[in-house]
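Please build the complex by placing chain E on the supplied structure of chain A, with the hints as guidance.
Just so you know, the sequences run in chain order A and E.
Each number in my numbering corresponds to the 1-based position in the first sequence with 86 added.
Each number in my numbering corresponds to the 1-based position in the second sequence with 30 added.
Just to be clear, a hint being listed does not mean it is correct.
Said to hold, decoys possible - Restraint ranges, calculated between C-beta atoms of paired labels, are given here: (1) A:Met87 x E:Asp78: 19 to 25 Å; (2) E:Val163 x A:Asp167: 18 to 24 Å; (3) A:Thr224 x E:Pro115: 31 to 37 Å; (4) E:Leu171 x A:Ala145: 42 to 48 Å.
What the hints assert, rightly or not - Among the chain E residues that face chain A by a calculated CB cut under 7 Å, a handful are: (5) Phe38; (6) Glu42; (7) Ser43; (8) Trp84.
Simulated from the structure, these hints should not be mistaken for lab results.
Every residue gets a Cβ at the ideal spot worked out from N, C-alpha and C, and that includes glycine.
What follows is each chain in one-letter form.
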Amino acid sequence: MRNMSSFLAGLLFGLGLIVSGMASPAKVLGFLDLAGHWDPSLAFVMIGAIAFASIGFFASRRIEKPLLDETKHLPTKKKIDTQLIVGSAIFGVGWGIAGFCPGPVVVAVGAGKFGAAIFLAAMLAGMLAFNLFDTQRTIRGNADAR
Amino acid sequence: MVVDWANFTPIESLLGGAMIGLSAALLMLLNGRIAGISGVLGGLLTADGWRDGWRVSFVAGLLAAPVLYVLMRPLPPIVVQASVPLLILGGLLVGFGTRAASGCTSGHGVCGISRGSVRSIAATLTFMVAGFVTVFAIRHLWGG
Numbered sequence: 087m088r089n090m091s092s093f094l095a096g097l098l099f100g101l102g103l104i105v106s107g108m109a110s111p112a113k114v115l116g117f118l119d120l121a122g123h124w125d126p127s128l129a130f131v132m133i134g135a136i137a138f139a140s141i142g143f144f145a146s147r148r149i150e151k152p153l154l155d156e157t158k159h160l161p162t163k164k165k166i167d168t169q170l171i172v173g174s175a176i177f178g179v180g181w182g183i184a185g186f187c188p189g190p191v192v193v194a195v196g197a198g199k200f201g202a203a204i205f206l207a208a209m210l211a212g213m214l215a216f217n218l219f220d221t222q223r224t225i226r227g228n229a230d231a232r
Numbered sequence: 031m032v033v034d035w036a037n038f039t040p041i042e043s044l045l046g047g048a049m050i051g052l053s054a055a056l057l058m059l060l061n062g063r064i065a066g067i068s069g070v071l072g073g074l075l076t077a078d079g080w081r082d083g084w085r086v087s088f089v090a091g092l093l094a095a096p097v098l099y100v101l102m103r104p105l106p107p108i109v110v111q112a113s114v115p116l117l118i119l120g121g122l123l124v125g126f127g128t129r130a131a132s133g134c135t136s137g138h139g140v141c142g143i144s145r146g147s148v149r150s151i152a153a154t155l156t157f158m159v160a161g162f163v164t165v166f167a168i169r170h171l172w173g174g
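For reference, chain A alone in the conformation it holds in the complex (with noise of 0.2 Å):
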């Protein structure tokens, strides 16, 4: 049931990139080019999207668990610090670049586009290349702990 309800989301999700013209990188950057000549349509899909969703995350906090789970999967992250400024403004010049965020990417890629497949597969291994970082970083910091 958990497996089938998160296709729906997905799918739901990916149609509604297809609908709204996101899925086309072209369009994305039609929005970034405020020199240029401006698209202002990612606006309206995130004014539809956060309308929605606001009224599903709303709800949400009335109830105790979600209909599948036992507990609902919450960030616990509260602070604003420096990774979380660097990493978006790294995410933010390579979003400018080639016109893709993770989504987006991963639809294109369904729709049988090469240049999303190799984008996607840049994604993964930049993904990677975090975790390697931050893996690093953390045995560092518990060698200079000790």
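What follows is chain E alone, placed relative to chain A:
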């Protein structure tokens, strides 16, 4: 600033956005999970991430979306303009950056803002500004 009225799609984008928001709402209410794609993909890079099947099911849904869509109507054009070296560079940066920031456009931009997370608002403002600056640099400073 000149608005690109020819490509502006307010209705479709609002509708698609609503579908994305509904998906995030359902995933929280049913599975108790945040619909953050970088977190989902990052989780699949660890052995633990496969233990609960929700991540791989969600990705399967994303991949199936264009396949289902073309059965109903022609897929809108997906235009990739970047060259292969830039796709690789962009991918590496997006992968590293989203894991460092624990979220991307979906996790911070949609879910985090909807939850009223100040961390997510800060993250979203940062990657938006970085995206604006990068496109300005590429298209208007170097590209000409």
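Here's how the hints hold up against the structure:
For methionine 87 of chain A paired with aspartate 78 of chain E, a C-beta distance near 21 Å keeps the hint of 19 to 25 Å intact. The hinted window of 18 to 24 Å between valine 163 of chain E and aspartate 167 of chain A holds, with their beta carbons roughly 22 Å apart. Separated by about 32 Å at the C-beta atoms, threonine 224 of chain A and proline 115 of chain E satisfy the suggested range of 31 to 37 Å. Range check, leucine 171 of chain E to alanine 145 of chain A: Cβ separation about 46 Å, and the 42 to 48 Å hint holds.
Evaluation of the phenylalanine 38 of chain E hint against chain A yields a held restraint, the C-beta minimum of about 6 Å falling below 7 Å. The beta carbon of glutamate 42 of chain E is positioned within 7 Å of a beta carbon in chain A (closest approach about 6 Å), and the interface hint is therefore held. At its closest, the beta carbon of serine 43 of chain E sits 4 Å from a beta carbon of chain A; the interface hint therefore holds under the 7 Å criterion. With its C-beta approaching chain A no nearer than about 4 Å, tryptophan 84 of chain E sits inside the 7 Å limit, and its interface hint holds.
Consistency note: the structure conflicts with none of the earlier hints.
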